[in-house]
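Trainee: Sequence:
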Amino acid sequence: MTGRQQQQQQQAQQHQHQQQRQQQHQQQRQQQHQQQRQQQHQQQRQQQHQHQQQRQQQHQQQRQQQHQQQRQQQHQQQRQKQRQQQHQQQRQQQRQQQQHHQQQQHQQQRQQQRQQQQHHQQQ
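Mapping of the sequence shown onto full-length UniProt numbering: position 79 corresponds to residue 79, and the numbering continues sequentially without gaps.
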C-alpha cells in the first residue's frame with residue numbers, strides 16, 4: 001500500500017468512527033425522549049387515577065351526608081310523631097275526665113231530685 005492509500009483508509013476509519021459516535025448520540029437522545037414521553041404518560045395516568053379517586057371519595061362523602069341527613073330526618077319525624085301521640089293522649093284523657101265528671105254530677109243531681117220527689121210524695 002502506498003502512503004496515499006493508507007491516508008485514505010485512515011480518513012475512512014475516522015469517518016466511520018464519527019458516524020458511530022453520532023449514531024450513539026442520536027440513539028441516546030431518542031431513548032431519553034422516549035423515556036420522557038413514557039414518564040409523562042405515566043404521570044398523566046397517575047393524575048387521572050388520583051382524580052378518579054377524589055371523585056369517588058367526594059361521591060362517597062355525599063352519599064354518607066345524604067344518609068346522615070335521611071337518618072336525622074327520620075329521627076326528627078319519629079320524635080314529632082311521639083310528641084303528637086302524647087299530646088293526643090293527654091287530650092283524650094282530659095276529655096274522658098270531663099265526661100266522667102259531668103256524668104257523675106248529672107247522676108247525682110238526678111238521684112237527689114228523685115229522692116226529693118219521693119220524699120215529697122211520701123209525705
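In short, the hints are calculated from the structure, not lab data.
Hints should not be assumed to be uniformly reliable.
[Claimed, not checked] Cβ-Cβ distance ranges computed for the label pairs, FRET-style:
id, residue 1, residue 2, range
1, Q13, H33, 37 to 45 Å
2, H33, Q10, 30 to 38 Å
3, R37, Q58, 25 to 33 Å
4, Q99, Q66, 30 to 38 Å
5, H75, Q52, 31 to 39 Å
6, Q80, Q108, 52 to 60 Å
7, Q73, Q48, 34 to 42 Å
8, Q73, Q104, 29 to 37 Å
9, R45, H75, 40 to 48 Å
10, Q64, Q99, 26 to 34 Å
Note that the structure is predicted; figures quoted are calculated from it, not measured.
C-beta atoms are modelled at their ideal positions from N, C-alpha and C, and glycine is treated no differently.
Trainee: Would you mind marking each hint as holding or not holding in the structure?
Mentor: Okay, the hints, checked on the actual structure:
Here the CB-CB span from Q13 to H33 is close to 30 Å, at odds with the stated 37 to 45 Å. In this structure, H33 and Q10 meet the distance hint of 30 to 38 Å, their C-beta atoms being roughly 35 Å apart. Under the hint 25 to 33 Å, the C-beta atoms of R37 and Q58, about 31 Å apart, fit the expected range. Our hint of 30 to 38 Å for Q99 and Q66 is violated, since their Cβ atoms are close to 49 Å apart.
Our hint of 31 to 39 Å for H75 and Q52 holds, since their Cβ atoms are close to 34 Å apart. Between Q80 and Q108 the C-beta distance comes to about 42 Å, which lies outside the given range of 52 to 60 Å. Between Q73 and Q48, the C-beta spacing of about 37 Å keeps the proposed range 34 to 42 Å intact. The hint said 29 to 37 Å for the Cβ distance between Q73 and Q104, and at roughly 47 Å that hint is violated.
A C-beta distance of roughly 45 Å is found between R45 and H75, which places it inside the suggested range of 40 to 48 Å. Here the CB-CB span from Q64 to Q99 is close to 52 Å, at odds with the stated 26 to 34 Å.
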